[in-house]
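Starting from the known structure of chain B, arrange chain C on it as the hints suggest.
First to last, the sequence lines map onto chains B and C. Residue numbers for the first sequence follow the working numbering, so the first one is 1 and each next one is one higher. Residue numbers for the second sequence follow the working numbering, so the first one is 138 and each next one is one higher.
Hints listed in this document are in silico derivations from the structure and should not be mistaken for laboratory results. You can trust all of the hints, since none of them are fake.
A few chain C residues facing chain B, derived, Cβ under 10 Å:
1) Pro261
2) Gly276
3) Leu333
4) Pro381
Computed footprint of chain C on chain B; a stretch qualifies when at least three of its residues, placed anywhere within it, have a C-beta under 8 Å from a C-beta of chain C:
5) 67-77
6) 96-110
Predicted model only: the values in this text are computed from it and were never measured. C-beta atoms are modelled at their ideal positions from N, C-alpha and C, and glycine is treated no differently.
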Amino acid sequence: MSFPIPEISDVNRPYWDGLAAGELRYQHCRQCGNKWLPAREHCPECLSAESEWRASSGRATVVSWIVYRHAYAPHLVDRLPYDVTIVQLEEGPRMLTNIVNGDAGRRLSVGAQVELAIETEEGVNLPRFKLTQQYER
Amino acid sequence: MRGKVAITGVGHTTWGKHPGRDRVSLIVEASAKAIADAGLDKDEIDAVLVKQANSAPGILYGQKVAEALGLRPSIGLNIDQGGAACTSLLQYGSLAIDAGMIKNALIVYGDTPRTGSRAALHRPRGDDAVMGWYSVAAGYAMIHQAYRQRYQSQPEEFGNIAVQIRANGAANPNAHLRVPLTMEQYLACEQLVEPLRKDDCCLVSDGAAAIVISATAAARDRSRAVPLLGMGQGQESWEVHLRPDLLHTKAGDSADMAFKMAGVNRNDISFAQLYDCFTVTVLQTLEDYGLAPRGAAGKKALAEGIGLDGWLPLNTSGGLLSESGTPGLQLIIEGVRQMRGEATLQVKNPKLGLISNQGGTMHTHATIIVGQPS
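The following block holds chain B by itself, in its conformation from the complex (with noise of 0.2 Å):
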């Protein structure tokens, strides 16, 4: 099986353990106030070692996207075509997601609203999204 099982440290772990429990969570600066991902142990703006985990409300907005017609390894060559979406949490942080009903790229647009929907993968649980009904076309 060909599927990138995530490495998961001391530092990740709050991460993956809220989406097991069904939520995304993201790291907040208790110093400056910076929302950021993925996980690391100081903030990129102040370089503070104390931060905090918190839980997004899961609404994010579209800021690109592409679409693979090709797979890059076996595991992938079932879920052809897909794609991946950058999207902006409400809260600010930007990540890599899938789009659920985003029919392989074709319903979605910059700043298409978007909301949290988990999906379990080789028993891991993944942070997809899903467009709102508004942009559900």
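Chain C only, in chain B's frame:
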């Protein structure tokens, strides 16, 4: 610094396929040509500056290359900065020459991804690979999509870049790909990662290239020594999805630094050799450099041309899209050929040449401006 250091020698292997060849052997072959072109004896090289091989990063690789060259140089190293590395190495070598630490630096790159491993180009990208985020092309597809959406640009704006550069490559007897491309073929070609078309993507080529730099005043043949007038760098650094704006990169800072050092106006550039790993990279670089308004580079290129008689002759030997997919040195070498008056598609009496190298998904960037030999 302006004009004190010059590119005095250039050399490269054939581009395309070198089955069974070792990448270090290819580097030695290109280096011997560059050193001879500079009119130097091998032992006069006192710096060996190597860009890391994409397909096989190694420990002490710079020393391995020096050993194969039979050199024990004052400065010897291998750096990783993606496709900007060769131009950055040229800059660091120039600073060391100007500081009096060394006299002649050799900058080299060679690799065999065509007949060897392309794993680096197809790789899973960190923890985001769980979402299906694979390959170098995907990052550029993200920028291409953002560009297309923001400016409502037409496919022909990207296609025109590929068509012109492929035409230049077709005229270059040493190009890896000498098959020209029509707009119809561009529009019809397959998409591996939408919105990228196959012909938006550069070649994957085996081969090696080398350049020699020296103090301009010490060049063996001043009439062929191409002076380095300006140099700059700017490192966007962050992963593409974490950037505040996908369509503004630090390439702009790199160009500003280079133009300031050169003391020339950007409208006086005679030609540009821009890193064309993907067609959107060319449009984005032209706009970050201030050579075209935001969102207008493709339209301007279509309207005013980018051939020898156009607004700005671009990638006159075929760039990464057609001459060789090798990361960067071939663009510098073509800049040298142009300034020496030795190019196949020769720009008439060029005064200033602009060259960009960049790497990652526009993570890294370096710029040089070259002038006429004296």
